[in-house]
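Student: Please model the entire structure based on the sequences and the hints provided.
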Amino acid sequence: MNTFTYYPGCTLRTKAKDLDTYARSSAEALGITLEEPENWQCCGGAYTTAKDEIATKLSAVRTLNAAKEAGRPLVTVCSACHNVIKQTNYDISKDEEMAAKVNNYLKLDEPYTGETTVYHYLEMLRDVVGFDNLKKQVVNPFKGKKIAAYYGCLLLRPSKALAMDDPENPTIIEDFIKAIGGTPVIYAQRNECCGGYITMEDKAQASKRSSKVMDSAKEQGADMIITACPLCLYNLKKNSGSDLPVYYFTELLAEALGLKEANNE
Amino acid sequence: MQRIGVFVCHCGTNIAATVDVKAVAEALSHESGVVISQEYQYMCSEAGQNLIKDSIKEYGLTGVVVCSCSPRMHENTFRKAAAAAGLNPYLVEIANIREQCSWIHKDIATATEKAIILGKAAIAKVHLNAPLTAGESPVAKRALVIGGGIAGIQTALDIAEAGFEVDIVEKEATIGGKMAQIDKTFPTLDCAACILTPKMVEASQNELITIHSYSEVSAVKGFVGNFTVTIKKKTRFVDETKCTGCGLCTEACPMKKVPNAFNLGLDNRSAIYIPFAQAVPKVATIDPNYCLKLKGGTVKEKVCGKCAAACTVGAINYHQQDEYIEQKYGAIIVATGFNPIKLDKYDEFAYNQCPDVVTSLELERLMNAAGPNGGTLLRPSDKTHPHKIVFVQCVGSRCDDSKGKPYCSKICCMYTAKHAMLIREKYPDTEVYVFYIDVRTPGKNFDEFYRRAVEQYNVHYIKGMVGKVTPKADGTIDVQASDLLSNEQLHIDADMVVLATAIEPDKTARPLATMLTTQMDTNDFFTEAHAKLRPVESATAGIFLSGACQGPKDIPETVAQASAAASKAIGLLVKNSITCNPCVAHSNELMCNGCSACEKVCPYGAITYQDKEFRMPDRTTAIRRVASVNPAVCQGCGACTVACPSGAMDLNGFSNSQIMAEVDAICK
Amino acid sequence: MNNNLKEQVLRSSGVNVLKCMRCGKCSGTCPSYDEMEYHPHQFVYMVEKGDIETLMNSKSIYKCLTCFACVDRCPRNVEPAKVVEAVRLAAIRKQGNNHLIADSIPEMLDEDLPQQAIVTAFRKYTK
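Respectively, the protein sequence lines represent chains Y, U and F.
Taking this note's numbering, the leading residue of the first sequence gets 1, the next gets one more, and so forth.
Taking this note's numbering, the leading residue of the second sequence gets 266, the next gets one more, and so forth.
Taking this note's numbering, the leading residue of the third sequence gets 934, the next gets one more, and so forth.
In short, the hints are calculated from the structure, not lab data.
The beta-carbon is built from N, C-alpha and C at its ideal position, and this holds for glycine as well.
Heads up, a few of these hints could be off.
So the derived list for chain Y, only partly shown, Cβ under 7 Å to chain F, looks like this [said to hold, decoys possible]:
| hint | residue |
| --- | --- |
| 1 | Gly45 |
| 2 | Cys193 |
| 3 | Ile198 |
| 4 | Gly221 |
| 5 | Pro230 |
Distance ranges between label pairs, derived from CB positions [as the list claims (entries may be wrong)]:
| hint | chain 1 | residue 1 | chain 2 | residue 2 | range |
| --- | --- | --- | --- | --- | --- |
| 6 | Y | Asp132 | U | Val568 | 44 to 52 Å |
| 7 | F | Lys1027 | Y | Asn39 | 32 to 40 Å |
| 8 | F | Asn990 | Y | Ala70 | 45 to 53 Å |
| 9 | U | Ala635 | Y | Asp132 | 39 to 47 Å |
| 10 | U | Val564 | Y | Val138 | 34 to 42 Å |
| 11 | F | Asn990 | U | Asp455 | 56 to 64 Å |
| 12 | U | Ile460 | Y | Thr117 | 53 to 61 Å |
| 13 | Y | Ala70 | F | Asp1043 | 33 to 41 Å |
| 14 | F | Lys1027 | U | Asp703 | 33 to 41 Å |
| 15 | U | Asp703 | Y | Ser93 | 35 to 43 Å |
| 16 | U | Pro519 | Y | Thr117 | 47 to 55 Å |
Tutor: See below:
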C-alpha cells in the first residue's frame, strides 16, 4: 500500500471540489492512501521568483516539511499549488542563502533543504501507479472520445524546477487520456497561458487568451478539454466564449474507474 | 660535475611585464651546477639561439635550462639549437614561465618568486637528464579517410593525386554525404549534384582509391606511420561485385513503405534500395529492418525472395554476413561531418505537430528535382503550392548550454538567403519572410548574395525571433514573432515554416575519437593541434581533420580544409621513416613483479609480458613473468609508470627520480 | 540611470541581463505582448541600461502572467519574467503603492471565480 502526504490547497475545498473529490476516490480505488497534513496553509497561488522574497515562500516550505516529517512523498493535484511547491522545493535545494533565511524564520526541529519528493497527481499515476496498470482498471473507457489535454503554463514551466515532462512536447496527459481509453488531440496552444489571474482586472485579455486555447483545441477536432487547474477551468469556461466542454482530469479518471456518473454537458 | 646554463626570456613584455627577469637570472645563477645565467629579450630569435649555442661552446655546458614559454611552443627550437652546438638535444629543459606564470599572475613579486621556483625545478631535473637518441620507424604508404562526404572525397582525391593509396570508409550505402542531398550551392547557385557527382565518380574510378561503403571503423591500433585498422563491412545482403545497379530488385520489392532516408523521410522507398540515381557505388542494399524475408513476420512473408528472383546476375544473398578487414595505414584523416540536431526540444515551432514545418535540409529535398515532388515546391501535408513561407534562423544555435548548442552553426544565414532567393525566383507569387537575430555573411561574395535576396528579390528580412507556431484547422500556420525594429508582435498566416536547424558533429565521431585517442571539445567537434597554426592536424600524430567534424563549415571551406588535410597527410606519407620520440617507457626487469597493471593501462598496446629466465642466489635460476615495452609503439604518455606498483616502469626524459627532484626543488 | 535600483533589481531577480543576445524571442512568445507598453526584451535591456523607474511607472508590470514562456524559451536562459517580477516588487513595495486593494475585490467576484485567482492577484499586486 502506497501512502502519500496529500496537499489539496485552498480552491479544492470550495470552488474545485470535483478536482479534489475524484482525486481522492480514484486514488483509493487504485490502492493509494492520501493523508492530508494538519493545519496546512494556502500556498499563495503564485510563486514569487524574487530571491529577496522569503515570507511568501514559507507556507510552501511548511507543507514540504510536513511531508518530510511524515517520511512520505508529497502529492498535489492543483496545478498552481504544484507549481508553487515544486519551485519552492527546487530553489531551497539550490539556493543556500534562501534556505538559510527560510530556516531562520521557521526554526524547524531540523532545517528543511529540499528533501521531499513532490509528485503531481498525474506524475503519481505515471510513475507510481503506471499508466499500463491504470488501463487495466478502467471499466468505462472513453472509447472514440477525442480529448484535448490542456497543460497551461503551471504544470510544465519553468521546466528546470517542475521537471514533470518535456515543456514543449509533453505527453503525460496524452498518455493518461490513452490509458482511460480516449484519443488524445494534440494542439499547439496546449502549453500556452489561459490568462490566469488577469481575469480579475482585465477580462478582455483573459478572454483573448482562453479563446485562443479553446479555438486551437476545437480546430484540431477535440470533443472536450481537460485540465488540472481550477483557474484554467474557470477561464476556459467563463472567458473563452467557446462551447467546448472543460473538465478536470480527475472527473474523467473517476468516471473511467466507475466511481462517477458520466458528465452530460 | 654538471655545467648548466640558464637562459631567461623576456618574450617582449609577455614575461618581462610581470616577472622581474633580471632577478630570476640572478637567483638561478646561484643554483648548484649553474655556470652561466643570462636573460634576453627574445630567446627564440636567431640572436637568442646563438646566445645558447655560443654559451654551450664557451662554457662547455652539460645541460641547458630555458625559462620561457610553454615547451609546446619552442622546446624543439631550443633542442635544435643545442644539437647544432654539439649538445644532446634531450639535455635541454624548459621552465614555462609564460603560460604557467606571467600570463596568469598580476603581481610582479608573486610571479617573480614563482618563476624562480619553476627555474629551480628545471635545474634540478636537468641534473638528472641523460642523453637520448631518437630511433626511427617506417611509414605505411597508405591513407585511411573516415567519412565519404565532400570532405572525405576531396581529401582522398588529393592524396591519390600524389600517388598514394587511399581507402574511404563510409557508413552509408553511398558516398556523397550531405552535399548529395543539397539542391543548389551558395553563393553561385550552381547545382550541388552537378559539381559533386563527377568527384564521386572520379573517386570510384581512381585506381588508388578503394571505397568501403556501408562500412565502419571498428578498431584502431598502432601510431603515426603505422596504424592497423579493422574495418567492418556491414552486410548489404547483396554481392557488390555482381550487382550492376540496374534497379530491377527495387521495383520487384513488395515492401514500398520504408521512409526514404535520403529524402529525410519525406517519401518512401523499397526495402531493397539504391539511395539515389548517382550513388557510388551503384549497388543495391537490403534494409534488414524492413525486408519482409529478413524480418520474417508471417510464413508468406518469409518466403518473399522477390528481389532475388528479379536479379539477373544472382547478386542477392540473404545469408551474407558482416565482414571484417584489417589494413595498415600511415595516416588517418577524419571526415565524419555533421547532422542537423533533433528538434524535439523546440516544439514551440511545432515541428513535431505539423508536416509543413520543415528543417532547411528537408527544404533542400523538397526543392530538388530528384526529391519527393520532382523539384516542384509543394507542402508535405496536402501537396499544394505554398504562398507564404516563414524562415526561422538560429534554431538551437547560439544557445545557453542548457538550451542548445552554444556555437553559431555558420552556414544557416547563407543557405536561408539562398532558399529565399530560389523560391522568389521560381515562385514570384510566394511571399518569403526571414526572422533573424543577426545576418552573418563573412565570406567572399556572401554579403552581396544576401543583399541580393533583400534588394532584388524582395525577401522580407525581419529582425526578431519567432516565439510560437500554431498550426490551424484551415491548413495555415500562425507564426507569432517579434519585430524588434517596429517594436510589435506579428502574426503571419504562413503556409510553410522552415527552421534553420543547428548542426552538430555526427554521432559516430565520439566513439571514433576514443579509438583514435584524439581530443574533442565539449560539443564533440574534433580539436585541432593548434587553433591558428595547425588547424588540420589533431594533437595525435598521424591523425588529420577534414571538414565539419572540426567545426561548422560551408562547402568552400570544407573543400579547402580537405585539401589542406590531404597535403599534411601527403607530407607524412612521402617519408620512408619518421623519427620516434625517444622519451619512451622501459621496464626494470629485476623490479617487475609481473602484475600486468601497466599492460592494462597502456592505450597503445605497447606493453607485452614474457617469461624470462633469471639467475637466482646459489646458482639457481627461476622463470619470471616480466613486462617489456615496444619502443616503436610507446608514445611516452607515462600511464604505465604511474600504474606500476613496484616502480619498475620508468620513462626516459621523465624518470621518477627526475620528477621527484623537481618536486623537491619546488617544495624546498 | 539609477544604479541603486538597478542593483536591487539584479539582486532580487538573480538574472544576468548581460546574457541577452537581443533576439527578441521572449517578446515573440509573450502572450501579454499587446497589453504591454514595454515588452519582455525591453525589460531586460532597460534594466541593463538602468532605466528602472520608467518600467516601475508602467502598467506593463501588472500585465505579465508569469506563465514562464519567456523563461523556458529564451535561448540564452536569461529568464525575463524574473526581471519583470523584480521590477514589479520594487514598485509595489513602496508605501501606498499596492496595485490591488481589498475593498475593490467584491466587485471583481463572480460565483465561479476560484480563490486561487484572488490569492494569486494579491501576491502579484500587493505587499
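Student: Now tell me if each hint is right for this structure.
Tutor: Quick rundown of the hints versus the structure:
1. Gly45: Status holds, d = 3 Å.
2. Cys193: holds, 4 Å
3. Ile198: Holds, about 6 Å.
4. Gly221: violated, 24 Å
5. Pro230: holds, 4 Å
6. Asp132(Y) with Val568(U): 44 to 52 Å: violated, 36 Å
7. Lys1027(F) with Asn39(Y): 32 to 40 Å: holds, 34 Å
8. Asn990(F) with Ala70(Y): 45 to 53 Å: Roughly 47 Å apart at Cβ, these two residues keep to the hinted range, so it holds.
9. Ala635(U) with Asp132(Y): 39 to 47 Å: Since the Cβ atoms of Ala635(U) and Asp132(Y) sit about 45 Å apart, the hinted range of 39 to 47 Å holds.
10. Val564(U) with Val138(Y): 34 to 42 Å: holds, 36 Å
11. Asn990(F) with Asp455(U): 56 to 64 Å: holds, 58 Å
12. Ile460(U) with Thr117(Y): 53 to 61 Å: Holds - the Cβ-Cβ distance for Ile460(U) and Thr117(Y), about 59 Å, lies within 53 to 61 Å.
13. Ala70(Y) with Asp1043(F): 33 to 41 Å: holds, 38 Å
14. Lys1027(F) with Asp703(U): 33 to 41 Å: Once the Cβ atoms are compared, 39 Å apart, the range 33 to 41 Å for Asp703(U) and Lys1027(F) holds.
15. Asp703(U) with Ser93(Y): 35 to 43 Å: Since the Cβ atoms of Asp703(U) and Ser93(Y) sit about 38 Å apart, the hinted range of 35 to 43 Å holds.
16. Pro519(U) with Thr117(Y): 47 to 55 Å: holds, 52 Å
Going through the hint list in order, the structure does not satisfy hints 4 and 6.
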